[in-house]
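Undergrad: With the hints as extra help, turn the sequences into a complete structure.
Just so you know, the sequences run in chain order A and B.
Counting from 1, position 21 in the first sequence corresponds to residue 21 in full-length UniProt numbering; the numbering is continuous, with no gaps.
Counting from 1, position 451 in the second sequence corresponds to residue 451 in full-length UniProt numbering; the numbering is continuous, with no gaps.
No lab work stands behind these hints: they were computed from the structure.
Among these hints, one or two may not hold up.
[To be verified] Listed next, with one range per pair, are the computed distances between beta-carbon atoms:
1. B:26 to A:17: 25 to 33 Å
2. A:77 to B:139: 52 to 60 Å
3. A:144 to B:664: 44 to 52 Å
4. B:274 to A:79: 32 to 40 Å
5. B:306 to A:17: 51 to 59 Å
[Said to hold, decoys possible] Residues from chain A that face chain B, not an exhaustive set, calculated with beta carbons under 10 Å:
6. 83
7. 88
8. 114
9. 141
10. 143
11. 145
The beta carbon of each residue, even a glycine, is placed where N, CA and C say it ideally should be.
Letter by letter, the chains look like this.
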Amino acid sequence: MTPPPGALLAADNLRKAYGPTNALDGAEFSIHPGEVVAVMGPSGSGKSTLLHCLAGIVTPDSGSITYDGREMSTMSDAQRSALRRSEFGFVFQFGQLVPELTCVENVALPLRLNGTPRKAAERAALSWMQRLEVDDLGRKRPGEVSGGQGQRVAVARALVTDPRVLFADEPTGALDSLNGERVMELLTDAARSTNAAVVLVTHEARVAAYSDREIVVRDGKSRDMERAI
Amino acid sequence: MSVRQWARDLRMGAKFAFTGGREGWIRVLLTAVGVGLGVALLLLTTAIPSALTAREQRGNARADYPSHYDNPERPKTDNTLVIAKLDTTYDNKNVRGRLVQPDGPRATLAPGLTKYPAAGDMIVSPALRELLDSSDGKLLRERLPYRVVGTIGESGLIGSQELAYYAGADDLEQRIGKDWEVARLDAFGATDQTSTRLDPVLILLVLVVFVVLLTPVAVFIAAAVRFGGERRDRRLAALRLVGSDSRMTRRIAAGEALSGSLLGLVFGTVFFLIGREAAGSVQIQDISVFPGDLNPTPALAALVAVAVPAAAVLVTLLAMRGVVIEPLGVVRTAKPARRRLWWRLLLPLAGLAMLYPMFGQGRDQGNFNQLLVIGGILLLLAGVTALLPWVVEAVVGRLGGGGVAWQLAVRRLQMSSGMATRPVNGIAVAVAGAIALQMLFAGIEGDYTKDTGKDLDRAQMQVNTTPGIPLAPVTEKFAALKGVRKVTALGIGSMGNISWRSADGPQRMVQVAIGDCAALRETADLPSCHDGDVFALRSSRNDGGDTKVLAKPGRTLHLGTSEVSGTALDVKWTVPQDLKHARVIKDPNGMEREGFLMTPSALPAQASGALSGEIYLSLDESVPYVKEQVRNTAVTADLFANTTVWASTEQSTKFVKIRIGLLIGVTCVLLLIGASLLVSQLEQLRERKKLLSALVAFGTRRRTLSLSVLWQTAIPITLGLLLASAVGLTLGAVLLKMTAETVSVHWPSVLSMVGIGAGVVLLVTLCSLPPLLRLMRPDGLRTE
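TA: This is the structure we're talking about:
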C-alpha cells in the first residue's frame, strides 16, 4: 500500500514477534507534519513496539515504514541512528535522563551528539528549558529534581534538535494528574510551534485528549479511530 | 542493642541472601565466587611453605650424594648397593638419573621403589614415562636405551612433574674408585640435614613478596563483598517501607555479606582443592609439587576463616555509611563528605617511620625485624588504597571540556569516584608492590649474579669425559653432528713430582693439557707449534708457582689421574730439552691454565688412560635440537660424560626462585583483580541497561558509549598507576636503603609493571565491550 498523501511517517502491515508472542500483527500507521497522534491500547497490546518500529529503534519482521518518502527498512543501523539523532526526538515514561549530567547538559546532549559545540548546545538547551519553565534547574542533577520537573527536562531534551517527529512513550505515566497535564500542554504547544509531528503512546484517555487523532492497538493490530468513524 | 537483636537481623540478612530470588542469588554467588577466589589464593599461598618443606624432606630422604659418594670404599654386603649419578638435561628440564647395581637381595631400597630394575631395565617417574611415550621425548629415548619396567612411587620424587629414573647395571662395581659419580652405599637419606640459613636480604625479599601479593588479595576480597550492592540497597529500601529502621537495614546488609563471605569460604576451599590438584600438573622452572604437599598452615588457615567473614561485615558497614536507604524504593547516595587528606597521608608516613630504623642494615648486620618490615610495608601499601580515592576525587573534580564520551565519563566519575576507584585499588596496590620489588631485585641482582667468565663467542657447550676415553673418535663424532661448527678437544691430566701411587701422592703438581696445535692455541699464545712440541705456561698473574719448579728439562715427572685415590695410573715422563715456553691466554672457559701444554706425539702412548677429556663445542644454535644431539652423542661416547650448556652469567638459585615466585604471584593477583574489575564493570553496566538503551534510542553512537566506558576505567586507572608508581618507587628506595644498596630506579621494570597493570585494564575493557554492545540494544526499552 502507498502511504497516504502528505504523510511524513507511515507504516504498512507491520509484523513483529518476540518469541512466540506477536507484538505487532499487520499494524498500520501514518502521521502528517504538525499532527499529534495518540497510540492507545491496553498494556501488552503492542503500542510501544509500534513506536519503537516507527522510530527505527527496532526492525520489524515484515512490513514497510516510510519516512519522508524513504523506506526505513533499507537504511543501515548507522543511517537510522543518524535519523534519530537529527530528525526524531524521544520522551520516555521515566525521563531516562543521564543521572551524572546536569539538567542543562542532559538537554544539550542530543545537540552535542550531532557535533554542536558545547557552549552553543548549552545556550540552545537553556532556551528550551526556559520555554518548558525549568531553566532554574540548569545546574542541578536529575536526582535533585522532582519527577514532573525531570519529565519537562526530558521534553526539552527531545525538542532541542527541532525534530520533525517527536516520539513520546507514556510521557506522563509516572506523574500525578496536575503535573501530567502541564507536561502535555507544554509538549504539544512546543511541538505545534515547530510543526513537529508527535507520536504519543498512552493508555490514558485524558492524555490522548491532547491529540488530533487516535489509533488503537489491540493484539498487535491497529485501528485508526478517525477513519473508523 | 542486644546480641539477640544483632543475631536476629544477621539471620534475616542471611535468609534474604539465599531466598531473595534470582537477583539475590546472583549477588550472593558473585560475592561468594569473588571471596572464594581470594580465599583460595590465600590458602594456596599459606600452603607454599609446607610444600617447599615437604620437597626438601623428600630430597633428603633419597639423598645419596655427596655424603655416600665421598666414601666409595664401603665394604660389599648383601644390603649394599652400587649407585652412579647420571643426571642429564633434556629440553631445558633436569632429568635425575641413577644407575644401580644391588650387591645382594637385601640391598637398601631407594624411596619410591619396591625393587631394583635388572640390567638394561629402568624404573621411571610418571612424568618421564609420559615424556618418553610422547613424540617430544624421541631424542631422550635415544639417550636412555633401557626398557621401562616400572614407575617410581611418590615417596621417591620431590615433585609431581620431576623427570627421574633408576636404571639397572651389571658393570658398576668395577668403576668404584675410577669415577667420582660411582659409590657403594648401605642407606639412603642425608646424614647432614642442616639446611643453610637464608641470607637476611633474601628473607626480606620473601617477606616483601608475601605482603605485596597478599595485600591486593585482601583489597580484592573487600571489593568482592560489595558486588551487587546497588541491587541489595533497593531490596533494603523495601524493608524500610515495612518498618525496619536504618540500623536494622545495616545489620541485615551485614547478614547478607556474612552469608556471601561464608559461602565464599566454602567456595574458596573448593577452589583451593581444585587448584591444589591442578598445581600437581604444573611445573615452573623445574619446580613442581605434589597436591598432597600443599597443605595450608593450620593457624593461617584458621586466621583466613575468621578474618574473611569479619572483614566482609566490617566493609559492608563502612560502605553503608555513605548510603541513605529510604522507604518507597528510593535510595539516595548521602551527600559524600569531602575526602580529607591528612589521615590518608598518615598511613604511608607511619609505614615509612616503621621501616626507617632498618635503613643501612644490609646483610652484614643480619636480621631485619620481621614485624616492622611487614607492618611498614602493609601501611605503605594501604596508603595507596587510602590516597587513591582522594586523588581521583581531586583530579576528576577539576576535569571538564572534551567530547560527549569524555563528558559522560568525567561526570560519572565526579558523581561516584568511590565506585570507580574501588576495583582499581587492588591493581594499584599490586603494581606498587611489584615496582618496589622489581627495584629491590634490580638493586641486589648484582650480588646474586656471577659472571661465569665463559666466552660464548668461542663455544656454547662443554663436554667432560671420564679418564681413559679416547678423545679422537669422540671429537670426530661431535664434528660430524649437524649444527656443530667447531670442536676443540683437550686431554687433561696431572703431572706430579713423585709417583701418584706413593703413600701421600705428589706434593707438587701441575695440570697438563694435550691437544693439537689448534686446540692448544685456544689456551695459550704459541709462538710456533708442531706435533711433538711441549710448552710450559707462563702466567701473567703469578710467578709460575709449581710450573716454574717442575718445568726443568730432564726432570722426570709422573702423569696420573689425581681424581680418585688409590687406583691411580702412573706414567713416567721426562721434561724434554727443547721445552718451549708460552704465554697463557684465557681459554673458552675463561680460565688461565698453568702447567704444561703438549701436542699428542709428545705424550707416552700408555698415558692416554690417565687423561680425561675437555671438549668445547661451538654451535649453530639455529639447528633444531643441536644441544640434545650433542648430549646424546656424549652419552654414547661415555656414559659418564658431563655435558654443560654455557651461560655468560649465573644467578643464585634461591634468588631466581624468589624472582620467579614473584612473577607468577603478581600475574595471578593481577588476573584475579582483573576478574573483579570485569565483574564490577558488568554490574554497573547492567544497572544502566535502560539508560544505555535510551541513549542509543535517541541516536547516540555505540562508539561514543564504548569510549565513555573506556574513559571511566582509564582515568582512575591512570591515576591509580601514577600513584602506584610513586608509592612503589618510594617503597623500592626504602627497601634498597634497608639493604644498604645504592638507590637507583630500574625504569624497564617500572614500566613493565605499569604496562601489565594497564594491559589488565585494557583486557577488562575489551571483555566488557560485547556485553556493553548487547546492553545497548533497544530491547532494553521493553518493559513487558
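Undergrad: Determine for every hint whether it applies to the structure shown.
TA: Hint-by-hint comparison with the structure:
Against the hinted window of 25 to 33 Å, the Cβ-Cβ separation of residue 26 (chain B) and residue 17 (chain A) comes to about 29 Å, which satisfies the hint. Between residue 77 (chain A) and residue 139 (chain B) the beta carbon distance is about 57 Å. The supplied range of 52 to 60 Å therefore holds. Between residue 144 (chain A) and residue 664 (chain B) the beta carbons are some 50 Å apart, a value that agrees with the proposed interval 44 to 52 Å. The hinted range of 32 to 40 Å is not satisfied by residue 274 (chain B) and residue 79 (chain A), whose Cβ atoms lie roughly 51 Å apart.
Taking 51 to 59 Å as the suggested C-beta distance range, the pair residue 306 (chain B) and residue 17 (chain A) conforms, at roughly 56 Å. The restraint placing residue 83 (chain A) at the interface with chain B holds, with a minimum CB-CB distance near 8 Å, inside the 10 Å limit. The criterion of a C-beta within 10 Å of any C-beta in chain B is met by residue 88 (chain A), whose closest approach is roughly 7 Å, and the hint holds. Annotation: residue 114 (chain A) was flagged as interfacial toward chain B, and the flag holds, the nearest CB pair being 8 Å apart, inside 10 Å.
Using the Cβ-Cβ criterion of 10 Å, the hint placing residue 141 (chain A) at the interface with chain B is satisfied: the shortest such distance is roughly 7 Å. The restraint placing residue 143 (chain A) at the interface with chain B holds, with a minimum CB-CB distance near 7 Å, inside the 10 Å limit. Of the supplied interface hints, the one on residue 145 (chain A) is violated, with its beta-carbon coming no nearer than about 13 Å to a beta-carbon of chain B, more than 10 Å.
Against the hints set out earlier in the document, violations occur for numbers 4 and 11.
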